[in-house]
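Novice: So you can see what is in the structure, the chains are spelled out below.
4 protein chains.
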Amino acid sequence: MYESSVKIRVRYSETDQMGYVYYGNYAAYYEVARVESLRNLGFAYKELEMQGVMMPVLENSTKFHRPARYDELLTIKVKIVSRPAVRIIFHYEIYNEENKLINTGETILAFVNMHSGRPCRPPQVMQDLFDPYFNG
Amino acid sequence: MYESSVKIRVRYSETDQMGYVYYGNYAAYYEVARVESLRNLGFAYKELEMQGVMMPVLENSTKFHRPARYDELLTIKVKIVSRPAVRIIFHYEIYNEENKLINTGETILAFVNMHSGRPCRPPQVMQDLFDPYFNG
Amino acid sequence: MYESSVKIRVRYSETDQMGYVYYGNYAAYYEVARVESLRNLGFAYKELEMQGVMMPVLENSTKFHRPARYDELLTIKVKIVSRPAVRIIFHYEIYNEENKLINTGETILAFVNMHSGRPCRPPQVMQDLFDPYFNG
Amino acid sequence: MYESSVKIRVRYSETDQMGYVYYGNYAAYYEVARVESLRNLGFAYKELEMQGVMMPVLENSTKFHRPARYDELLTIKVKIVSRPAVRIIFHYEIYNEENKLINTGETILAFVNMHSGRPCRPPQVMQDLFDPYFNG
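Chains as they are written, first to last, in my numbering: chain U, 1 to 136; chain Y, 1 to 136; chain W, 1 to 136; chain C, 1 to 136.
There could be a bad hint or two in this list.
Unchecked claim - Cut-off 30 Å, straight-line C-alpha distance, at most; resulting in silico cross-link-like pairs (DSSO-like, lysine-lysine):
| hint | chain 1 | residue 1 | chain 2 | residue 2 |
| --- | --- | --- | --- | --- |
| 1 | U | K63 | Y | K7 |
| 2 | C | K7 | U | K100 |
| 3 | Y | K77 | U | K63 |
| 4 | C | K63 | W | K63 |
| 5 | Y | K79 | W | K7 |
| 6 | C | K46 | U | K7 |
| 7 | C | K63 | W | K100 |
| 8 | C | K46 | Y | K46 |
| 9 | W | K63 | C | K46 |
| 10 | C | K100 | W | K63 |
| 11 | C | K63 | W | K77 |
Keep in mind that the hints were calculated from the coordinates and are not lab data.
I would like the entire structure built from these sequences, with the hints used as guidance.
Specialist: What follows is the structure in structure tokens.
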């Protein structure tokens with residue numbers, strides 16, 4: 001299993017008139033969490049696209065336990081439980097500044113070769129970086 | 001069962017560098033679909049908040065079957081299958097201009113009294129409007 | 001001079017915790033207004049990009065006279081005062097449902113050849129469509 | 001004069017199909033820059049709203065010199081040139097990772113008492129924090 005943790009501060013633009021973070025903005029938080037967790041691993045998502053591989057989202061689901069509010073510094077815990085193959089699954093838990101769980105979610109993405117449009121395996125360099133976390 | 005249909009044209013701001021609608025923007029499409037389907041029924045969501053009731057989202061899930069592209073006129077079919085009580089569940093199917101299914105999703109929302117912060121039933125006027133669709 | 005008028009309904013996602021449309025969302029409204037005003041003229045912006053021409057924004061400015069609120073049906077009046085050449089300037093006036101002026105703005109865009117990255121003139125078909133409005 | 005500097009990493013959600021940061025997203029960057037520059041000064045914007053003062057935007061303008069791209073770590077230099085009274089003016093310069101100037105802008109905001117809806121002066125604590133930068 002690979003785990004990582006990312007902090008995001010809520011922007012004013014992300015609130016709505018209920019005074020909470022708009023429910024649609026969590027998907028962007030998840031994406032930042034994915035990208036930063038890969039960067040923590042040593043891999044830049046940007047490089048992936050430069051190598052002709054993209055990662056379209058297949059499924060995304062979210063449970064909203066408590067609202068997030070403006071200016072809160074949220075902590076997103078990201079987990080990858082099973083070894084990434086043609087698909088990769090990210091699990092998220094978001095905690096507020098009082099360390100209360102406010103949001104849980106999950107995203108399934110595919111690796112797709114941009115030129116052929118076909119599913120593919122993660123690049124070897126990425127597989128090598130994941131290797132120590134999914135052995136045995 | 002209550003069914004309704006809503007059209008949304010993809011904005012440039014909603015695309016990302018993959019050339020598709022960013023996956024996080026479907027939640028806003030769903031929200032427009034909910035609001036317009038209620039308006040088609042005869043109910044303005046705005047009135048609900050003015051009456052002191054809000055509808056926070058509890059759960060949201062999405063499957064991405066095909067990408068949506070800039071300027072496409074999407075058709076969102078919205079269904080409410082079971083009679084709304086303290087919760088209401090919306091199901092969505094999004095079709096592109098070639099009538100291909102590109103996206104399916106589901107949102108569970110609560111009715112909450114803004115003053116007490118407690119779950120509540122939908123306002124009577126809303127229940128009356130739903131009544132013909134959930135009888136028998 | 002070419003004038004056109006476009007209607008946009010404020011989405012919940014576009015409000016912020018002040019209860020107004022977030023100031024950053026007017027740029028997306030302007031873009032919808034530009035695209036729809038060109039469509040009213042007979043030209044699809046999408047076609048432009050397919051022909052290898054893009055229109056990056058050079059300058060944008062906005063004055064916020066009154067707030068816009070959730071669910072309001074806004075009317076955006078769009079004007080092009082001078083004949084588009086390598087640049088095109090759009091002027092906007094946004095009115096709320098009570099016909100009060102809430103927002104004025106202006107955007108300057110360039111026509112750029114995607115392949116060379118160089119400024120270019122609008123495609124001939126677009127120039128022909130503009131012609132009747134800028135003669136004499 | 002008060003100056004501050006803020007870093008923002010471009011999110012995937014902020015790009016558009018041209019492959020650049022969507023022009024409408026700079027307003028949110030400016031807002032983050034304002035909030036963080038005030039935090040660097042010792043003042044939380046959140047506190048302002050809690051004290052019943054809000055800061056609606058009156059005017060905003062932007063010049064786009066070069067595109068910003070996905071994952072770039074942008075540096076926003078924020079300046080307040082004249083002592084804030086019932087209005088405050090922020091100037092921005094955004095630099096990319098190669099230290100090239102990509103964007104300049106300016107925002108004029110008012111201080112407004114939420115209860116009366118009338119313009120007001122900044123809270124005393126904020127005036128005191130600004131004092132050393134605008135003396136003489």
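Novice: Each of the hints needs a verdict: does it hold here or not?
Specialist: Outcome of the hint check:
1. U:K63 - Y:K7: Given that 30 Å is the threshold and the Cα spacing comes to 27 Å, the pair holds.
2. C:K7 - U:K100: 28 Å, holds
3. Y:K77 - U:K63: At roughly 23 Å apart (the allowed maximum being 30 Å), K63 (chain U) and K77 (chain Y) satisfy the hint.
4. C:K63 - W:K63: The hint holds at about 15 Å.
5. Y:K79 - W:K7: 27 Å, holds
6. C:K46 - U:K7: 19 Å, holds
7. C:K63 - W:K100: 28 Å, holds
8. C:K46 - Y:K46: 26 Å, holds
9. W:K63 - C:K46: Holds. K63 (chain W) to K46 (chain C) sits at ~24 Å (cutoff 30 Å).
10. C:K100 - W:K63: 28 Å, holds
11. C:K63 - W:K77: 23 Å, holds
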